[in-house]
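Enquirer: The residues making up each chain are set out below.
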Amino acid sequence: MASFTPYTYFQCPCTDTSTPTRNLGDEQPPETEENSDDERTFDPRAPRSNYSLYPLEHLFYCEDCHQIRCPRCVLDEIVTWYCPNCLFEVPSSTVKSEGNRCTRSCFQCPICVAPLSVSSLEAPPEGLGAELASQQNGPFVLNCAYCMWSSKETGIQFEKPNGIFAQLAKIKNGGEPILTAKDRRKDREERKRDFSGSSAAEESQENEAPINLDPNERLDPESQFSNLKAFYQTQMAESSPVSALGFTGDYGYGSPGALSRIMGLYTGGSYADKKSKTKSGTMREARDALEGLQIDPLSDEDAINKLRTEGWESTASAEQRHEQTTHTPFLSDLRPVAYLLRTKRSKRCKTCRHILSKPESKVQTTRFRIRLVALNYIPSIIIKPLQPILPTASPLLAPLNPVQFLLTFKNPLFDSVKVTLATPAKTPGRFPTKVTVLCPQFEVGANTDVWDEALRDNNTKSSLSGEKRRTKAEASEGQHQAEAGKVWERGRNWVSVVVEVVPPSLRIEDSEWLKSEEMKRDGGEVRDGEEVVEIPVFVRVEWEGEVGGEDSGLGGGGKDKEVREKRELAYWCVLGLGKVDVD
Amino acid sequence: MSKKQPKGEYIETDTGNKVSRRSQIIGTTNIILGGKTVIQAEVIIRGDLLRTYPASNPSEKQGNTVAVAIGRYCFFSRGCELRPPGKLYKGQFSHYPLKIADHVFVGPSSIIEAALIGSHVNIGSNVVVGKFAIIKDYVRILDGSVVPPNMVIPSFSVVAGRPARVVGEIAEGEVDGMDLREVYRAVGNG
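Keeping their order, the protein sequence lines are chains A and B. Quick note on this note's numbering: the first sequence kicks off at 1149 and runs consecutively. Quick note on this note's numbering: the second sequence kicks off at 7 and runs consecutively.
One or more hints might be untrue.
As the list claims (entries may be wrong) - So the derived label-pair ranges between C-beta atoms look like this:
id: 1; chain 1: B; residue 1: 94; chain 2: A; residue 2: 1199; range: 48 to 56 angstroms
id: 2; chain 1: B; residue 1: 33; chain 2: A; residue 2: 1285; range: 31 to 39 angstroms
id: 3; chain 1: A; residue 1: 1199; chain 2: B; residue 2: 19; range: 46 to 54 angstroms
Stated by the list, open to error - Below 30 angstroms or equal to it, Euclidean Cα-Cα: the simulated DSS-like pairs (lysine-lysine) are:
id: 4; chain 1: B; residue 1: 93; chain 2: A; residue 2: 1300
id: 5; chain 1: A; residue 1: 1634; chain 2: A; residue 2: 1558
id: 6; chain 1: A; residue 1: 1510; chain 2: B; residue 2: 137
id: 7; chain 1: A; residue 1: 1300; chain 2: B; residue 2: 96
id: 8; chain 1: B; residue 1: 137; chain 2: A; residue 2: 1300
id: 9; chain 1: A; residue 1: 1634; chain 2: A; residue 2: 1714
Everything labelled a hint here was simulated from the structure, so no lab data went into it. The beta carbon of each residue, even a glycine, is placed where N, CA and C say it ideally should be.
Only chain A is shown next, with the shape it has when bound in the complex (with noise of 0.2 angstroms):
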């Protein structure tokens, strides 16, 4: 309540035209405007604006298509890959085999999120030469600098300061070692020996296993997982023979097996040749944790036996359980978090394909290649009061009282533009506020260099400057009245110009319309955000540009420069005022 910005939302002409009743008028080319633009009147509080309204520095604009384009009509390409903390680029091929996690030292804090730093256990070394002493030495626990949290409250030691990650994954919560995977692979290897010899032998070949696998070990989320691939995978490839040839992959789409199945669909499943179908079917599932399966009764009375002893204070939050990959009901079970890769990313316009920006693929560099914002193509507004506000003055606006406001539009193109203004007399909605702008129409200076003028001012000095005090001076004293059809303040590339409006009063017994049948339906609240003065504005721009850019080289383009095209561009906007006072 106690301050209020304000501001202004462009519309992306991108919204949904499945919906009839809202307004597009912007939707359409400009010749069918005239008929279009009357009838239909931008709301600002219906639910579908939001998606659609945006403030100008989110807005791109597409060259070709000539038009706004919004983040939610261009498309995203990958440029790069990095470590958010440890600004490290990661190659694509290394996200792919390794996922989208910092695979160096990069962790966060599982409590907090806050980074951990490594930092050794050693007591530092004191006395003389003491910072001589080269290195730390180990044991080094991962520390959080906010919450205080360390991996030794875990049980988790690192014997070296780097690769954090790669020693992490060897260890589990409390110390004991993984298995790795390719102990894992090793034993699987042998298990599928086992299992193409003969099944009596499986007992006693076990426990000839190089590492002595226990069948009912409690296997932790990582090895269970790849326990089950694996033997899934077997078991697919075991039960249908035919496409045991093929496969490979995960899936094996391309085997012949699953071709011919995919034809039988085709084919109304006569196609689908008996042989594999009477061998499919077989399939067993898992028996025992070597194959994935984990039944643990102990398990749900360690957590009740754990929740009597240490309360709820053990648990971890909704949040803290959301960053981990598993399941984790207790703090003691959390483990620091790698960090999530970010992305550099250009943007496409999705009806064209010309890319709106691209950004330079080196981590560091914060330049741009291609950067298409639409605040470099379509004016800006700025809302101001045209009366001052007095620091004692309430912020708010008085009900049923006429304000008036200057919107200055800054034209950032190097050619004029006229713009074009529309609203609707009443703004939509429960509570109406009425609109004038006293000069809907006028034409804005182009946005020549800084030094023309500085240099044009050398001369106009005198005169401008003495016309910019008269107006001010007569805008304090309030006599200046605000003409209709004239432009209030104009400079090099703006004009101010004004719009009146009149707020409505949020009294339900005010208004009438609302006595009828809508109070009865909707209680006579006062919704959130209806105190908000928001006005649907229709802005029209024209000019006159050069044709084309670069790749319109139309045969004789490079002959006459002088070639001219007029441009259209029409969008709406929506100003927020300011809030009224509700009582």
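Start from chain A and add chain B according to the hints.
Expert: This is chain B only, laid out in the frame that chain A set:
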């Protein structure tokens, strides 16, 4: 603000810095201002927190006397504090220099103990930037955030929360708006 100060609020230096008379700048010899920087009232800059730990290579020793380095067109709002970060290293406590690049805005009552702040960084009000944080270019830190120590904030991030985390990205169009030249020009003794 009833009585106007006779000399004006700001002292303007040769390089165009506008330094409030009511700011507390300690250890001025260890502070570098790149120029056109605004320092408002009640700002504290701790230039006295010098690095005491000997530099690893002797060639660095000349530059050892800088505690706070600030670039051009920075803006330090009322009541914020810049303090070089310090830590215990090999059994010895030492401060390390705080480097701030160009076009950095620091909101009122914020405390900065970062190691490095890149260009075009906007820090809101009542923000705490923890020790040895590294903030890259084009970053916006929203009001009331607490950036944890040692955090690295990559470019084009919007950061908020306690502890701070990346909550969004700076849009391509917002990049131009983070220039502080206009803000500098608006500050005067008037």
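Enquirer: Decide, hint by hint, whether the structure agrees.
Expert: Going through the hints against the structure:
1. A beta carbon spacing of about 52 angstroms between residue 94 of chain B and residue 1199 of chain A agrees with the range 48 to 56 angstroms that was offered as a hint.
2. Against the hinted window of 31 to 39 angstroms, the Cβ-Cβ separation of residue 33 of chain B and residue 1285 of chain A comes to about 37 angstroms, which satisfies the hint.
3. The hint said 46 to 54 angstroms for the Cβ distance between residue 1199 of chain A and residue 19 of chain B, and at roughly 50 angstroms that hint holds.
4. Taking the CA atoms of residue 93 of chain B and residue 1300 of chain A, the gap is about 21 angstroms. The hint holds against a cut of 30 angstroms.
5. A distance of roughly 17 angstroms separates the Cα atoms of residue 1634 of chain A and residue 1558 of chain A; the hinted pair therefore holds under the 30 angstroms criterion.
6. Distance restraint check for residue 1510 of chain A and residue 137 of chain B: the Cα-Cα separation of roughly 27 angstroms lies within the 30 angstroms cut-off, and the hinted pair is therefore satisfied.
7. Of the supplied pair hints, the one linking residue 1300 of chain A and residue 96 of chain B holds, its CA atoms being roughly 21 angstroms apart against a limit of 30 angstroms.
8. With a C-alpha separation of about 23 angstroms, the suggested pair residue 137 of chain B and residue 1300 of chain A falls inside the 30 angstroms cut-off, and the hint holds.
9. For the hint linking residue 1634 of chain A to residue 1714 of chain A, the alpha-carbon distance of about 25 angstroms falls within 30 angstroms, and the restraint holds.
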